[in-house]
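The lines below spell out each chain.
There are 2 protein chains.
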Amino acid sequence: MSVDISPLAPKTYPDLPPVKGVRLATAAAGIKYKGRTDVMMMVFDAPASVAGVFTTSKCPSAPVDFCRANLGGGVARGVVVNSGNANAFTGRKGRQSTALTAKSAAEAIGCAESEIFLASTGVIGEPLDASKFSGVLGSLVGEAKESFWFDAAKAIMTTDTYPKVATRTAEIDGVTVTINGMAKGAGMIAPDMATMLSFVVTDADIAPAALQALLSAGVGPTFNSITVDSDTSTSDTLMLFATGAASADGQARVTDAGDSRLAAFRAALDDLLRDLALQVVRDGEGARKMLEITVEGAETDAAAKRIALSIANSPLVKTAVAGEDANWGRVVMAVGKAGEKADRDLLAIWFGDVRVAVEGERDPDYSEDAASAVMKREDIPLKVEIGLGDGRATVWTCDLTKAYVEINGDYRS
Amino acid sequence: MSVDISPLAPKTYPDLPPVKGVRLATAAAGIKYKGRTDVMMMVFDAPASVAGVFTTSKCPSAPVDFCRANLGGGVARGVVVNSGNANAFTGRKGRQSTALTAKSAAEAIGCAESEIFLASTGVIGEPLDASKFSGVLGSLVGEAKESFWFDAAKAIMTTDTYPKVATRTAEIDGVTVTINGMAKGAGMIAPDMATMLSFVVTDADIAPAALQALLSAGVGPTFNSITVDSDTSTSDTLMLFATGAASADGQARVTDAGDSRLAAFRAALDDLLRDLALQVVRDGEGARKMLEITVEGAETDAAAKRIALSIANSPLVKTAVAGEDANWGRVVMAVGKAGEKADRDLLAIWFGDVRVAVEGERDPDYSEDAASAVMKREDIPLKVEIGLGDGRATVWTCDLTKAYVEINGDYRS
Chain A
1 MSVDISPLAP KTYPDLPPVK GVRLATAAAG IKYKGRTDVM MMVFDAPASV
51 AGVFTTSKCP SAPVDFCRAN LGGGVARGVV VNSGNANAFT GRKGRQSTAL
101 TAKSAAEAIG CAESEIFLAS TGVIGEPLDA SKFSGVLGSL VGEAKESFWF
151 DAAKAIMTTD TYPKVATRTA EIDGVTVTIN GMAKGAGMIA PDMATMLSFV
201 VTDADIAPAA LQALLSAGVG PTFNSITVDS DTSTSDTLML FATGAASADG
251 QARVTDAGDS RLAAFRAALD DLLRDLALQV VRDGEGARKM LEITVEGAET
301 DAAAKRIALS IANSPLVKTA VAGEDANWGR VVMAVGKAGE KADRDLLAIW
351 FGDVRVAVEG ERDPDYSEDA ASAVMKREDI PLKVEIGLGD GRATVWTCDL
401 TKAYVEINGD YRS
Chain B
1 MSVDISPLAP KTYPDLPPVK GVRLATAAAG IKYKGRTDVM MMVFDAPASV
51 AGVFTTSKCP SAPVDFCRAN LGGGVARGVV VNSGNANAFT GRKGRQSTAL
101 TAKSAAEAIG CAESEIFLAS TGVIGEPLDA SKFSGVLGSL VGEAKESFWF
151 DAAKAIMTTD TYPKVATRTA EIDGVTVTIN GMAKGAGMIA PDMATMLSFV
201 VTDADIAPAA LQALLSAGVG PTFNSITVDS DTSTSDTLML FATGAASADG
251 QARVTDAGDS RLAAFRAALD DLLRDLALQV VRDGEGARKM LEITVEGAET
301 DAAAKRIALS IANSPLVKTA VAGEDANWGR VVMAVGKAGE KADRDLLAIW
351 FGDVRVAVEG ERDPDYSEDA ASAVMKREDI PLKVEIGLGD GRATVWTCDL
401 TKAYVEINGD YRS
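Going down the list, the protein sequences come from chains A and B.
413 is the number that UniProt numbering gives the last residue of the first sequence; the numbers go up by one with no jumps.
413 is the number that UniProt numbering gives the last residue of the second sequence; the numbers go up by one with no jumps.
Extracted from the complex, chain A is given alone in its bound form:
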């Protein structure tokens, strides 16, 4: 099946600078795809701090179990990611496969298996034959280079139509540090967190606990605020690594996430996570439009987020957006079904700057032409005022098109 690049893809890609202390390499192992790379390896020449957040699925993949077990050690020397097979619901064979991959990677790098992190994405339920790539990890360690981010991002794609990368810089102690990230994901995307893999690396010197606190806080309004189809993957993995190489430039190690020296770093990290998360939504399977849904005036921020996600996950709202129809009646429906307190007679709804409903009725000054003009855009802001409190949240989703049905009705075969 040939799929065109999403019309919402970035017009240009950033040039990712090296991040000192990490090298990357890829290989084409033919796991499922032909004629493309499907294995990506990250090598940390010195032990890096590691943080991670994972799927909330009760049936997580073998690599997710593996990473969770290793995360407590706080140290990473290598990451191996494959696309084409998720190694999920593969039972004992799945654990054998992660064990073989970790063993091969640890031998190649010369570190403990507990310092290796793994991720797999692709088909669920098919055994992953890790021997297809375990033999090449040794040469990947030798080939790995600092300036290989864009190629690395390509190797972890599945139904993605474009690679997703982002880069930021920030100052800590007057020392400039870099943050690079890559992500993959297009379908089975929902909070918390869907078939989404993302790997972010900085050369900052930050202790594991502080790094974890930064990541856990940063994921809420970014990766945990996007949804493509409400389906949560068995494999979602977002990892953040800090090589500490900036210590050579005089950056003193930060051990507390609340340290004021991290303010700029935290802002840059959050901004990068948001950038990557939105790139995932904009590559939603079959997406032609992105919808940014802001709910204000709910009882609490959590209530606002639940209402926003109810709107974002409604097939009727998403098909209306696909049809460029400012169908705010379906927005009302989705507010009503969210289960949070709402008073019909206090609701107001905007598409872009056009207020289409107010005080429980169609806005008397509402112009269908103006609303239609908003719906023709690629990026459509939708705002709902609940009128009950100060709770506020923004989430992002894409439209539901025939192409989504086509892609997913003919994926495994």
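Keep in mind the hints are simulated off the structure, nothing from the lab.
From a predicted model like this one, the values you see are computed outputs, not experimental measurements.
There's no promise every hint is true.
Repeated chains share a single entry, so a pair holds when one copy, or any two copies, can fit it.
[Claimed, not checked] Within a straight-line C-alpha distance of at most 20 angstroms, the following computed EDC-like cross-link-like pairs (lysine to aspartate or glutamate) qualify:
1. Lys-383 x Glu-368
2. Lys-58 x Glu-368
3. Lys-383 x Glu-299
4. Lys-58 x Glu-361
5. Lys-402 x Asp-129
6. Lys-402 x Asp-4
7. Lys-402 x Asp-325
8. Lys-341 x Asp-65
9. Lys-383 x Asp-343
10. Lys-376 x Glu-406
11. Lys-11 x Asp-151
We have chain A already, so just place chain B on it with the hints.
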């Protein structure tokens, strides 16, 4: 837009006998549709017992508010239903519209407004001009006849591709009573209960409280176990009326739902509700296949139902069914995201009689050909064994096709 009749429609329709004590009539008021009936009236010549269950939406329609207020009286003399406009999110104008309709109906029948029940289905947010049909209610009362069920069911359709009717009989006290029902609904169908209207009438003599208990119990495994698109309507209404006309044949009034004389009646009612509910699923917008999902071995029945609905509402499962793909990996995904306890290594999954997965892995004896043959059927049974307890539930849904996107991307305009 012309829509073909669902391939899952009944091959034949039952002949509905009269139910003594209720007469029906319809009119074409041009509320939205041209060249078809869009108003349906039920007239009870003597006060009937009434029971109802309604949408869980926090933003219910004006008619739902109106019915809830009248339900406490326990007595009905008339029902007015219109299609083409849901009178939802219409604020003060919505209440004026229900008041006008109720006043006109009460005058025409010669009863109190508190004995009138109303329902509206169609577009949300557009003011409903009840004066379009309030003037004809007087002649409808005169025209109404006992043998008009099929025509009545047609008048309440919106995106339905066929009218939905069912009939059953049962004995109470050795007296044969009849139960007739009609339903409408095709999209925005989810528990609990979606844009679904259903009106069921029996000539049995049952007191309001007992009738309500029967209905509240009957709706759980029937109308509250179906989903088309996970979207819950503002307007869902299921009402059950008992005219009591069978008392003339010697049936003594039943006042307690636990009365053993009701056993056969309860079974017949539940069977009729299930029949109507499945007809709604089988007319799901764009549906080409029906999926019957049974979850066994969950911790509780409630947990089983939550897992079953997670599967039923997964766009990825539904598109796979549309593609005739026995993609049990997506079933695992949906089990995992349900939030209920599940152990990957205990799961087993069947499509029809074909066990495709067992003990956390693909079934070694699994034949793709046999599974594919099941997927080619119109009705596809899917069973998931959780392996943890005795909890059990069955829910029904349909596939997600391009036609769903087409229908809903171009509905309001």
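Results for each hint:
Taking the shortest Cα distances, Lys-383 and Glu-368 sit within 20 angstroms of each other inside one copy (17 angstroms), while across copies they are farther apart (47 angstroms). Taking the shortest Cα distances, Lys-58 and Glu-368 never come within 20 angstroms of each other, neither inside one copy (45 angstroms) nor across copies (27 angstroms). Within a single copy, Lys-383 and Glu-299 get their C-alpha atoms as close as 16 angstroms, which meets the 20 angstroms cut-off; across copies the closest is 40 angstroms, which misses it. For the identical chains of this complex, Lys-58 and Glu-361 are inter-copy neighbours only, at 16 angstroms across copies versus 42 angstroms inside a copy, given an alpha-carbon limit of 20 angstroms.
When the C-alpha separation of Lys-402 and Asp-129 is checked against a cutoff of 20 angstroms, the pair qualifies neither within a copy, at 34 angstroms, nor between copies, at 35 angstroms. Both within a single protomer and between protomers do Lys-402 and Asp-4 lie at most 20 angstroms apart by alpha-carbon distance, with minima of 14 angstroms and 18 angstroms respectively. With identical chains, the CA atoms of Lys-402 and Asp-325 are at most 20 angstroms apart both within one copy (16 angstroms) and between copies (17 angstroms). Taking identical chains as interchangeable, the C-alpha atoms of Lys-341 and Asp-65 lie at most 20 angstroms apart only when they sit on different chains, with a minimum of 16 angstroms there against 37 angstroms within one chain.
Taking the closest pair of Cα atoms, Lys-383 and Asp-343 come within 20 angstroms of each other only inside a single copy of the chain (16 angstroms); across copies the shortest separation is 40 angstroms, beyond that limit. When the C-alpha separation of Lys-376 and Glu-406 is checked against a cutoff of 20 angstroms, the pair qualifies only between copies, where the shortest distance is 17 angstroms, while the shortest distance within a copy is 23 angstroms. In the homo-oligomer, the alpha carbons of Lys-11 and Asp-151 lie at most 20 angstroms apart inside one protomer (18 angstroms), although the nearest pairing across protomers, at 57 angstroms, exceeds that limit.
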